[in-house]
Amino acid sequence: MSTHSVTASSPGTEANRHTAGGSVGSLSDVAQEIERHLPDKLMDPIMETSLLNIYYGDFHAVHDVNLAFGKNEITALIGPSGCGKSTVLRALNRMNDLVPGARVAGTVNYQGQNIYARGVDPIAVRTHVGMVFQKPNPFPKSIYDNVAYGPRVTGMKVDDMDDLVEGALRGAALWDEVKDKLKQSAYGLSGGQQQRLCIARTIATKPNVILMDEPCSALDPIATARVEDLMLQLTQEYTIIIVTHNMQQAARVSDRTAFFTARPDETTGNRTGLLVEYNLTKQLFSQPSDQRTEDYISGRFG
Amino acid sequence: MAAYAETAAKTVLATAGRDRDRTVKSLVFLGLLWFSLFFGVLVLVALIVSTALEGAPRFDSDLITRYSSTLSPERTGFRAGILGSLMVILVTAAMSVPIGIAAALHLEEFANKDRWYNRFIEVNLQNLAAVPSVVYGLLAVAFVTLMGIHQRGLVISGAVALSLLILPVIIITTREAVRAVPREIRDGSMALGATRWQTTWKQTLPSAVPGIATGTILGLSRAIGEAAPLLIIGTATAIRFDPNGLMSQFTALPLEIYSTTSQSREDFRVAAAAAIIVLLVMILALNGLAIFIRNKFQRSW
Numbered sequence: 628m629s630t631h632s633v634t635a636s637s638p639g640t641e642a643n644r645h646t647a648g649g650s651v652g653s654l655s656d657v658a659q660e661i662e663r664h665l666p667d668k669l670m671d672p673i674m675e676t677s678l679l680n681i682y683y684g685d686f687h688a689v690h691d692v693n694l695a696f697g698k699n700e701i702t703a704l705i706g707p708s709g710c711g712k713s714t715v716l717r718a719l720n721r722m723n724d725l726v727p728g729a730r731v732a733g734t735v736n737y738q739g740q741n742i743y744a745r746g747v748d749p750i751a752v753r754t755h756v757g758m759v760f761q762k763p764n765p766f767p768k769s770i771y772d773n774v775a776y777g778p779r780v781t782g783m784k785v786d787d788m789d790d791l792v793e794g795a796l797r798g799a800a801l802w803d804e805v806k807d808k809l810k811q812s813a814y815g816l817s818g819g820q821q822q823r824l825c826i827a828r829t830i831a832t833k834p835n836v837i838l839m840d841e842p843c844s845a846l847d848p849i850a851t852a853r854v855e856d857l858m859l860q861l862t863q864e865y866t867i868i869i870v871t872h873n874m875q876q877a878a879r880v881s882d883r884t885a886f887f888t889a890r891p892d893e894t895t896g897n898r899t900g901l902l903v904e905y906n907l908t909k910q911l912f913s914q915p916s917d918q919r920t921e922d923y924i925s926g927r928f929g
Numbered sequence: 003m004a005a006y007a008e009t010a011a012k013t014v015l016a017t018a019g020r021d022r023d024r025t026v027k028s029l030v031f032l033g034l035l036w037f038s039l040f041f042g043v044l045v046l047v048a049l050i051v052s053t054a055l056e057g058a059p060r061f062d063s064d065l066i067t068r069y070s071s072t073l074s075p076e077r078t079g080f081r082a083g084i085l086g087s088l089m090v091i092l093v094t095a096a097m098s099v100p101i102g103i104a105a106a107l108h109l110e111e112f113a114n115k116d117r118w119y120n121r122f123i124e125v126n127l128q129n130l131a132a133v134p135s136v137v138y139g140l141l142a143v144a145f146v147t148l149m150g151i152h153q154r155g156l157v158i159s160g161a162v163a164l165s166l167l168i169l170p171v172i173i174i175t176t177r178e179a180v181r182a183v184p185r186e187i188r189d190g191s192m193a194l195g196a197t198r199w200q201t202t203w204k205q206t207l208p209s210a211v212p213g214i215a216t217g218t219i220l221g222l223s224r225a226i227g228e229a230a231p232l233l234i235i236g237t238a239t240a241i242r243f244d245p246n247g248l249m250s251q252f253t254a255l256p257l258e259i260y261s262t263t264s265q266s267r268e269d270f271r272v273a274a275a276a277a278i279i280v281l282l283v284m285i286l287a288l289n290g291l292a293i294f295i296r297n298k299f300q301r302s303w
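Keeping their order, the protein sequence lines are chains L and D. The first sequence begins at 628 in my numbering and counts up one residue at a time. The second sequence begins at 3 in my numbering and counts up one residue at a time.
These are computed hints drawn from the structure, not numbers from a lab. Any given hint could be a false lead.
Stated by the list, open to error - Chain D regions said to be covered by chain L (calculated; three or more residues, Cβ under 8 Å):
{"hint": "1", "segment": "198 to 211"}
{"hint": "2", "segment": "243 to 251"}
Stated by the list, open to error - Chain D is faced by these chain L residues, among others (derived, beta-carbon under 8 Å):
{"hint": "3", "residue": "I750"}
{"hint": "4", "residue": "T754"}
{"hint": "5", "residue": "K762"}
Here a beta-carbon is modelled for each residue, glycine too, at the ideal position from N, C-alpha and C.
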């Protein structure tokens, strides 16, 4: 397997590192680099961003992100706070549309189709690309209704809702814990159970990709371990893209890792997020090819 | 290091010397606060008690079952006013609650806050809530006249006046209740492929219902005590029949109390005092219901 990395600059000399920030955005490199560096396995990615730029009003949040996500893989997006990784994640199922003033330029291809193309319904995108949030956010309804909500609102053709709910809860490794209290409020569950319920709720709509935005940051270590186990199981059917602050978590669960950082704008001081390095996780953690990545994973900044 | 921290802590605690919350200055201030609180509450209690004592002889069934009577003032009643107030409040609720909730949902969930006209409406909602109630009476007269109703003092006119009066209150409290529903709930719903309309209808609105109910009931309890806008629309102060529809003439309890207190005979003043207690009980019952709903159903996120 190829272990070339998509880096912002060719690593090595000091001079190169200094100019790295500037060269990330250069249009000519980027296309080449995808061509050149992507590991063979990713020739047919399920999702792919190219020249993804995201703005909040006048604020340039994310600059020229090119990423490809492998089917049935777990991809981790890591980086210091404010580096735009969550913003990138929310662009992948058009959740940024809900933020007033947010604007996306560039393309996000899902199974070859640009989800930002004219005529694409963001609602339809979200049924293919589901999302699990940082804080467990079950609805103030019963456990059953939480899981059945997605299929109901999207008008999914369901032969037997009970079966579907059970399947989703089993898929999220929650069935045994809740099978006797399906009609009880989801608020009675522990934080970890609530987060797995949110995962069950997402897989009930049968997406292909599941986005997870720091799904374990509100959970204790045991609940975190359970969710991580669950993520590994889910890769049999789903592609997972996870944003995490926890580098150990990225190292434990992900196949590939993308490292982002923030670059302050020279004139305004606004911090714009950019992709520094994208590689197989073990490669990125053992032999980072960019000094900034190395600094971050060795705890020198961020 | 640890030893140093311990010594430092001891020094910090020791320098206080005495409880600084117990100096003369702070005690005087505390006393003033207590006095202010008691002054407000005492005046209210004194008013209620003296009214209740004055009206005590008339706490009988005649008070609420009989119409007003100038022939037998010792048996005069407020049946028309009580039923009129209840009727007009019901119609007011039926008109103002759906409109108020819909307006609030639009402003909070759908309106583009960058548009100047939406901001204009937002600012003016606050102003509308502060407009004197008399003005709403005038507005209601204009409104029902435009609708082609020229008769004065009808239930529909009263309800229009009171609806206009409490609409800003309902809109403002509904918006607050809707805003209190966390963004995560909406995001969770949208991320599952729900439309904005489904999210509002199935998540945001049900979660906000306790807050909306509380605010609405408080608005209605304000409306039930209003007399001024009803006077402007030409509501009669003494009527000897029950209201029987939207186009029926009516009188309201505050108006009947007002006209009764202006009578010179002692019996009328006793009856008016008793009726004031009835009105207070109605308002307290509504407020109590609001508090009950808030405590029972309000969710803390």
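Q. Which earlier hints turn out false for this structure, listed by number in ascending order?
A. 2
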